[in-house]
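Residue numbers (UniProt numbering), protein chains in the order written: chain A, 1 to 769; chain B, 1 to 769.
Take these hints with a grain of salt, some might be off.
Any copy, or any two copies together, can satisfy a pair, since identical chains are not distinguished.
Computed list of lysine to aspartate or glutamate pairs in EDC-like fashion (alpha-carbon distance at most 16 Å, straight line) [unchecked claim]:
(1) Lys267 / Glu24
(2) Lys379 / Asp577
(3) Lys300 / Asp383
(4) Lys681 / Glu576
(5) Lys25 / Asp202
(6) Lys748 / Asp634
(7) Lys301 / Glu338
(8) Lys300 / Asp634
Rather than coming from a laboratory, the hints here were simulated on the basis of the structure.
This is what each chain is made of:
Protein chains: 2
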Amino acid sequence: MFRSNSGESTNVVGKTMKRVDAFEKVNGSARFAADIAFDGQIYCALVIAEKPHGILRSIDTVLASEIEGVEGIFTWRDIPGENQLGEAIKDMPCLVKEGEKIRFWGDVVAIVAARDRISAENAAKSVRLDIEDLEPVLSIEQAMEDKVQIHEGSNVRVSKRIRKGDAETVIKNSKEVFEGEFYAHYQEQAYMEPQGVTVVPDFDYGYTVYGTMQCPYYVQSAVAHVLGLPINRIRVIQTETGGAFGGKEDIPSYVASYAAVVAFNLKRPARLIYSREIDIQTTSKRHPIKSFYRIAMEGKKIKAIEIKAYMDMGAYATLTPIVMFRTLVHAAGAYDIENVNVDVYGIYTNKVPPGAFRGFGSPQVLFAVESMIDDIACKLGIDPMELREENTLRPGSRTSTNHLIVESVGAPETLARVKESSHWKDLVRECNEFNRINKDKKRGAGLSHIFYGVSLGAGGQALDKSGAHVLINRDGSVEVRIGGTEMGQGAKTVIAMIAAEELGQRIEKILVHQPDTAFVPDSGPTVASRTTIYSGNAVRQACMALRGKLVSVFCDLFNSNPDSVKFCQGEVSDGEDRTISFDRLVDTAYVRNVKLFEAGWYDTPKLSFDMENGLGEAYVTYSYASQVVQVEVDMATGSTKVLKGFTAHDVGKAVNPDGVIGQIQGGFVQGMGYALYEDLKLRNGKIVSDNFNTYIIPTIHEVPPELVIDIVEDPFREGPYGAKGIGEPSLMPVPASVANAVSMAIGKRVRQIPVTPEYVLGLIEEKTD
Amino acid sequence: MFRSNSGESTNVVGKTMKRVDAFEKVNGSARFAADIAFDGQIYCALVIAEKPHGILRSIDTVLASEIEGVEGIFTWRDIPGENQLGEAIKDMPCLVKEGEKIRFWGDVVAIVAARDRISAENAAKSVRLDIEDLEPVLSIEQAMEDKVQIHEGSNVRVSKRIRKGDAETVIKNSKEVFEGEFYAHYQEQAYMEPQGVTVVPDFDYGYTVYGTMQCPYYVQSAVAHVLGLPINRIRVIQTETGGAFGGKEDIPSYVASYAAVVAFNLKRPARLIYSREIDIQTTSKRHPIKSFYRIAMEGKKIKAIEIKAYMDMGAYATLTPIVMFRTLVHAAGAYDIENVNVDVYGIYTNKVPPGAFRGFGSPQVLFAVESMIDDIACKLGIDPMELREENTLRPGSRTSTNHLIVESVGAPETLARVKESSHWKDLVRECNEFNRINKDKKRGAGLSHIFYGVSLGAGGQALDKSGAHVLINRDGSVEVRIGGTEMGQGAKTVIAMIAAEELGQRIEKILVHQPDTAFVPDSGPTVASRTTIYSGNAVRQACMALRGKLVSVFCDLFNSNPDSVKFCQGEVSDGEDRTISFDRLVDTAYVRNVKLFEAGWYDTPKLSFDMENGLGEAYVTYSYASQVVQVEVDMATGSTKVLKGFTAHDVGKAVNPDGVIGQIQGGFVQGMGYALYEDLKLRNGKIVSDNFNTYIIPTIHEVPPELVIDIVEDPFREGPYGAKGIGEPSLMPVPASVANAVSMAIGKRVRQIPVTPEYVLGLIEEKTD
């Protein structure tokens with residue numbers, strides 16, 4: 001299925017490893033964006049609109065510029081290049097111009113630069129904006145009326161669809177049709193480290209951006225565009241990044257562009273670190289999605305599905321057209337359904353533009369489809385486990401986009417695993433028992449079953465590639481640089497393990513450096529759970545080339561057969577007593593002038609996809625997960641507690657099993673936050689829950705005491721050692737399993753997330769359907 | 001002979017180009033080592049021995065550490081790794097230990113770190129060293145007596161020899177034997193920018209060294225050694241370098257090691273910038289060489305030559321064992337001689353250790369051998385031009401090491417060119433005319449003829465390689481990084497031209513970045529006039545691979561024949577109306593996920609050489625030069641003025657003709673300084689002419705009004721487009737041509753350089769032989 005350098009058994013892959021970045025992160029020596037400083041740096045603060053909709057009439061900087069320490073206030077006039085941002089559609093100004101529109105509370109109008117942060121922030125508050133108010137559009141429904149248009153043309157700006165089989169006719173002719181309406185609210189990424197960059201005029205006559213981010217190439221391209229410089233004058237180096245979750249996909253491009261305008265004009269390092277409030281108020285979230293489902297059943301078989309999903313994309317398109325592709329493909333769930341109609345719409349409102357967030361437009365619809373399946377099982381009196389077993393994708397199935405999947409389809413296995421680990425039938429029985437006895441508290445068991453298209457897929461093929469730069473020093477120490485980023489997910493450890501595996505060098509001698517655009521060309525974004533496959537394969541390719549060179553030197557030294565040479569844990573041998581340390585072999589190669597650096601590359605197999613009808617190979621492969629949770633609802637307060645979790649994930653191959661488990665644990669908890677606690681409040685388009693005192697995320701106390709994790713390894717041919725992705729699928733089943741468990745507990749169908757106490761109490765008080 | 005991407009004619013190679021780094025260097029925005037600053041940096045100053053020879057008894061830092069602003073004083077105890085330096089032989093401590101030896105005035109004992117430079121320097125002066133004096137050894141002769149030994153064992157530490165044919169017997173049996181003794185003094189490199197580095201603890205958990213240097217890999221390895229860290233924790237980035245001339249080959253390794261000790265101990269950026277005085281007093285120079293020649297003639301033919309050369313290598317071996325190889329190979333000059341005996345010795349003295357300097361041990365002996373040839377011509381009454389024509393190396397000749405040279409031997413041509421340009425016979429006649437009429441001033445015409453082994457040769461084969469990292473961005477802008485360095489010689493321009501040539505991209509879109517060890521593995525030193533060949537070939541290889549990828553995309557787009565595709569000045573076409581801009585073709589390639597970065601490499605063809613007898617292929621190829629100068633000597637003051645220069649150089653191919661001319665002009669002037677003005681004065685082992693008020697280098701006023709430069713292009717198969725080296729051969733013929741011209745003017749044989757007025761007056765007053 002897959003081959004490592006040492007044949008079947010591997011050196012380090014699949015073994016338990018300490019995180020390579022653990023020590024520095026634990027002892028505090030790791031330096032995040034705000035921890036680095038540059039000689040002569042200046043502090044920046046943003047002047048934001050603080051109105052949801054209007055026309056910017058004037059910018060008055062007189063008062064602000066008199067504040068002690070202020071060294072400059074910069075507006076659109078100071079932008080040397082294009083005053084345009086936006087990853088998918090360039091509909092967003094970098095700095096709003098007088099006479100043009102304010103479209104959300106956080107629109108940026110000016111940047112203040114001062115000697116220190118406090119002065120910069122005070123001055124930013126003293127800039128007076130004259131904004132002529134326009135009626136704000138604050139809901140999907142209001143936006144769809146199109147009475148007030150936010151940009152030129154309809155507020156319904158983008159749409160995508162799937163037309164597989166003939167869902168309309170099948171549903172019309174079906175006797176068993178089920179319907180449902182669902183709503184998933186915003187979720188804030190809530191990374192520990194807020195947005196932050198420093199842009200430094202460098203001695204190579206360009207600008208270097210240092211900052212917390214996921215996608216250095218997006219930043220590079222945005223800054224080049226805003227400064228009007230060729231890309232070779234812009235270098236982007238990611239500093240240690242304290243969490244991202246999609247929230248640092250496109251946003252750092254904006255943050256860096258603001259700071260770059262200052263650095264360009266003052267020719268000094270410009271530092272812009274967001275406060276938590278500015279970060280929550282102005283940066284992306286998970287999209288609110290309202291969805292409508294109709295499903296036709298024939299016995300236990302799903303015959304047809306029809307879905308309409310409406311995404312609130314806020315004031316600007318940002319990544320919505322891309323997020324939407326994933327919403328589209330995942331809306332019908334992990335099932336083999338013959339007839340599928342899906343329509344997804346992206347709608348402008350005068351609110352913060354949502355964007356990327358772990359799951360990328362799929363958790364909202366997976367919550368909906370899994371709630372539907374659960375509801376149907378309930379109504380038909382079928383065990384929801386059985387209904388899923390009946391309809392799940394399996395080898396030989398076709399997905400909602402008609403993609404025939406033959407290998408690495410672990411879905412039946414993940415279902416079987418959670419059925420077993422949770423003792424599903426007993427768990428359901430136990431809940432029913434409990435509920436019969438108790439009135440104040442009710443328990444429920446909820447099931448969910450999902451799939452996840454790994455990497456960027458048909459909608460992002462032009463980005464699906466990755467490079468690596470691997471260099472062996474004369475002392476055998478190895479340096480690895482990749483196009484992907486470490487943001488806490490463990491990429492550095494996986495990459496170090498792959499290099500150690502292929503080179504047979506001890507992992508302590510392998511250093512995976514912070515990403516730097518100068519080493520590796522545009523490798524696409526670090527998103528879509530693609531780093532292990534893409535950067536991993538690129539590193540593997542480079543290391544295999546290097547190993548080949550070292551094999552030649554070894555054979556030249558010892559007259560061995562190349563096929564017999566093994567590299568393992570810092571030793572190279574031919575199995576016949578001829579052994580040399582890796583370091584000495586490298587030294588010998590150096591003296592012989594052997595080239596010991598390589599540029600590795602991996603690009604995606606070409607996918608065939610019809611965008612018009614949403615049919616074809618949507619993604620290179622899919623990860624699968626099944627999950628059972630047990631919850632307890634306090635019927636007096638409406639609050640929900642997760643008691644147990646059982647989750648099984650087909651990851652292809654766990655290169656670093658501890659890392660995979662860590663991802664699953666983290667994703668589970670973040671998913672719980674989405675399902676139960678995280679309730680973003682807006683008032684007139686302004687986010688008012690803008691810090692963690694009002695925006696509540698789960699803590700260690702909410703983690704269920706029992707969380708059983710099963711890793712299924714159904715290898716993916718193209719993945720390194722068979723690996724697929726795990727970053728996002730870790731979160732995706734949680735909202736649905738929790739919502740279904742709450743539904744069972746209270747005997748009412750949960751139709752929105754977060755399942756707040758207020759919402760639960762409302763449901764309890766509702767008349768039964 | 002060589003092929004460019006566009007067949008015979010080239011895009012940019014061989015054309016006149018503006019230096020790519022001209023603008024920033026002229027407008028002052030270029031940032032040299034002292035122009036960069038880091039947040040929280042600390043200033044360092046060295047505590048030096050200030051005694052030529054002794055035992056260090058104690059280091060008293062009490063007074064110094066009380067000086068305001070001092071943050072630390074570091075001695076050998078603070079070195080975490082090895083207290084050892086030295087490129088060839090590790091005979092030099094980084095910081096001298098109590099109880100051990102002081103071996104020259106500039107031995108470093110401690111480093112003071114303080115808040116500012118003045119405090120650091122004041123504190124350094126306040127450190128009290130108790131040194132028990134030993135008798136200093138201050139001359140080659142005294143050292144050879146070996147009464148006082150500087151290291152353990154004899155002061156005659158290293159030697160090399162050539163034994164070709166049977167020079168001894170031929171000379172013994174010859175009737176026409178000529179003898180001569182010559183002395184070439186120190187020469188200071190006199191780069192504009194003194195030594196300087198800052199060592200910065202970086203956020204990748206290692207140390208980055210920024211500084212002025214030639215050889216980042218030497219620095220990397222030395223700092224790793226002194227800090228006891230693997231090489232992947234040490235990164236070296238060369239800042240703009242204001243001249244080097246060999247003086248920044250090994251010295252920056254020492255400078256960086258001192259600063260690294262401070263950075264390591266304080267975990268802060270440590271900056272160490274040398275004053276001119278410290279720089280001249282403590283860093284390397286051209287070796288003083290005393291040489292003895294015996295030559296046997298048969299008619300106009302040189303039959304045998306016997307040479308003994310004694311190099312003063314100062315207190316430590318540093319690069320002497322390597323410099324010596326070049327002295328050895330070049331000592332017999334650019335002539336085809338059957339019987340050659342050469343012995344070169346390296347001798348310890350209690351003086352500053354000389355090291356690398358443009359010509360690297362060869363100008364001293366080329367001055368000697370060319371003086372000998374001139375003297376023989378004089379004595380035999382043969383035209384010195386004719387004598388050289390008779391004996392010069394030519395295709396099919398064998399060098400002094402018995403290296404059969406068949407291609408790219410432009411020596412007869414360079415002779416022919418200067419004969420023609422200088423109107424040699426007329427010039428000699430004109431001088432004689434002048435001298436007949438004038439008493440106060442005398443004129444002379446001098447000729448010299450040299451060869452130069454390009455690159456490191458047989459003595460440095462394990463270093464003769466170079467890497468390149470070439471990356472094309474999505475907008476078609478190109479980034480090039482090489483293992484070689486720009487130090488003012490024009491490497492960046494040549495490299496940009498080669499990339500532009502091979503990629504057919506406009507040169508404005510090609511950025512050659514400052515060298516950084518992280519991109520390219522150990523590429524050897526930037527010395528030995530090897531950058532155009534080595535880095536050039538590596539870049540060429542990478543660009544050719546990239547072009548191949550773009551050709552495929554082009555053919556895929558237009559269905560063209562790959563052989564027909566031409567890249568020129570930013571356009572790509574197949575000669576049949578199908579044309580696309582380079583930038584658009586690159587964008588298309590990006591969308592198709594084509595890998596657009598490459599790791600290029602070039603290593604040297606293996607040379608066969610017998611080190612025991614000094615026989616074989618000493619270098620991959622040789623550059624050649626012939627030169628005529630006319631001087632005028634003031635017989636009252638002894639001062640000499642160069643009136644005219646005619647110089648012809650076989651460079652294989654002038655990739656950048658303006659750059660080649662610039663090198664020749666610069667080399668000529670620096671050679672004049674060596675020949676006439678630069679007179680380093682020592683007192684008790686201390687260099688007292690330690691700034692430019694006492695150490696006199698030529699200015700624009702000394703440049704002869706007429707300097708005729710001829711470029712001969714006899715292509716070298718392995719060189720890019722046929723190129724060989726020019727950096728050093730530009731200087732090498734000058735001392736000899738000037739000395740010979742002065743000899744003719746005053747009618748006395750000049751036997752030492754510099755030919756100072758005092759020396760000339762002494763010669764004039766001497767009795768005729």
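Broken hints, by number: 2, 4 and 8
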